[in-house]
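Model the full assembly from the supplied sequences, consistent with the hints where possible.
As given, the protein sequences belong to chains A and B, one line each in that order.
Quick note on the numbering used here: the first sequence kicks off at 1019 and runs consecutively.
Quick note on the numbering used here: the second sequence kicks off at 106 and runs consecutively.
In case anyone wonders, no lab produced these hints; they're calculated from the structure.
Cβ coordinates follow ideal geometry from the N, Cα and C atoms, glycine included.
A hint or two may mislead.
Claimed, not checked - DEER-style ranges, computed between Cβ atoms:
| hint | chain 1 | residue 1 | chain 2 | residue 2 | range |
| --- | --- | --- | --- | --- | --- |
| 1 | B | K154 | A | A1026 | 34 to 40 angstroms |
| 2 | B | D130 | A | E1148 | 19 to 25 angstroms |
| 3 | A | Y1276 | B | K149 | 51 to 57 angstroms |
| 4 | A | Y1265 | B | K149 | 44 to 50 angstroms |
| 5 | A | D1258 | B | E115 | 55 to 61 angstroms |
As the list claims (entries may be wrong) - The calculated DSS-like cross-link candidates involving lysine-lysine, where the alpha carbons are at most 27 angstroms apart (straight line), are:
| hint | chain 1 | residue 1 | chain 2 | residue 2 |
| --- | --- | --- | --- | --- |
| 6 | A | K1233 | B | K154 |
| 7 | B | K149 | A | K1197 |
| 8 | A | K1146 | A | K1320 |
| 9 | A | K1129 | A | K1320 |
| 10 | A | K1197 | A | K1212 |
| 11 | A | K1043 | A | K1328 |
| 12 | A | K1129 | A | K1328 |
| 13 | B | K154 | A | K1197 |
| 14 | B | K154 | A | K1129 |
| 15 | A | K1146 | B | K149 |
| 16 | A | K1084 | A | K1146 |
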Amino acid sequence: MTDSAFNATGVQWAWDSTSLKNAEKCPRYYQYVNIEGWVSHNSSVHLWFGSIYASSLELFHELMAKGSDREDAIREVVRFALIESWDHERDDEGNRIPDTGAPPEFDHNTKNRFTLIRSIVWYFEQFKDEFFSTYIKADGTPAVEHSFRVEVDDSLLFCGHIDRLCLDPQGELFVHDQKTTGSTISPYYFNQFKPDTQFSMYTFATKMIYSAPVKGVIIDAAQIAVGFTRFGRAPTYRTDDELNEWYDETLILIEQMYGYHDRDFYPRNPASCNNYGGCVFREVCSRPLGVRPNFLEGSFTKREPWNPLKQR
Amino acid sequence: MSNDQIDLNELFLRDPLSYSDADIDRIVAEHRDRRTRFNLGDTKAGSAKPRVPKALQGLNDDILNMEVKL
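This is how it looks when you write it as structure tokens:
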């Protein structure tokens, strides 16, 4: 059974970067998503695509770190992605039943099964001359698909999942992360990652876990378009001062969320409503109070709230 | 649509649990070829929908209209 990220009084004690970013965006957004579990009907294709894409690349690095031939690894990764992107019926033990099911259908013109496989194969062509090596942990296993939990002050837990730890040719340690986007990859695109809670947390956590001078994060970004996938790679660095500042800000942010919980009221942050094409809840928040539940029910699905402690 | 494209589309519709190593290699090779063509300037090389040559665009409509008239 998965642990709950919320304690008996209903406040969140285990925080991942998704939870923190939601709280940063808007307390009301955090309430809708992290506490009440509302999910936009359109969010699933991005999670589906991004999850299989990242898992596929993680598998590749794991196979290579274990000594696999590159072409064999690519074949196994593509096979993995093709299977993961097919919704088989399952038997009582959860095993896929051959000759059943079909690919999921999403009403999205760029993110689909075809572009997923294309993006994976094109990624391996783009980064054929890989000069980052996977970090091998003390127990001899490659540092890929690494879930972390780090206890910090105030009985809080920072948790998350790192795609991969890698070493550059100079032996410097970095977190390696994958992003997919519909935007053009440019220096402007990479600017959004500093300051950024996800990569500050990853750098912070890996420094604590490995007691090593982790420099920051190498970001591989993939622009998914109808007729192509284009790639970019850039680092984002974090100094100790910057991590300390992020840590202090994060504890204050969490304290604010506790305050809203105690008041049983999470205010809206109108300054965030129009960011990145507009908040998904903008239509809800713009309605009179009395009718908002109807708009939530009509446009969103209620699921189990996002759980940072759920093992991937 | 070329025979290779038809075959790949049909392959993509099959249960992936049934794929042989050769099937996977074909899919990988096809996507690598598309990337090569994209890098050479064919900006639609990676599209799932093959382009209809200009000479053939509208041809189907003409044929349909002829059939209706007949």
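We went through each hint and held it up to the structure:
1. B:K154 / A:A1026: 34 to 40 angstroms: violated (54 angstroms)
2. B:D130 / A:E1148: 19 to 25 angstroms: holds (21 angstroms)
3. A:Y1276 / B:K149: 51 to 57 angstroms: Between Y1276 (chain A) and K149 (chain B), where Cβ atoms are some 53 angstroms apart, the hint holds.
4. A:Y1265 / B:K149: 44 to 50 angstroms: holds (48 angstroms)
5. A:D1258 / B:E115: 55 to 61 angstroms: Given range 55 to 61 angstroms: holds, Cβ gap about 56 angstroms.
6. A:K1233 / B:K154: The given pair, whose Cα atoms are some 43 angstroms apart, is violated under the 27 angstroms limit.
7. B:K149 / A:K1197: With a Cα-Cα distance of about 22 angstroms, the restraint between K149 (chain B) and K1197 (chain A) holds, given a limit of 27 angstroms.
8. A:K1146 / A:K1320: violated (42 angstroms)
9. A:K1129 / A:K1320: With Cα atoms ~23 angstroms apart, K1129 (chain A) and K1320 (chain A) stay inside 27 angstroms; holds.
10. A:K1197 / A:K1212: With a Cα-Cα distance of about 15 angstroms, the restraint between K1197 (chain A) and K1212 (chain A) holds, given a limit of 27 angstroms.
11. A:K1043 / A:K1328: Holds, at roughly 23 angstroms.
12. A:K1129 / A:K1328: holds (25 angstroms)
13. B:K154 / A:K1197: holds (25 angstroms)
14. B:K154 / A:K1129: holds (14 angstroms)
15. A:K1146 / B:K149: holds (23 angstroms)
16. A:K1084 / A:K1146: holds (18 angstroms)
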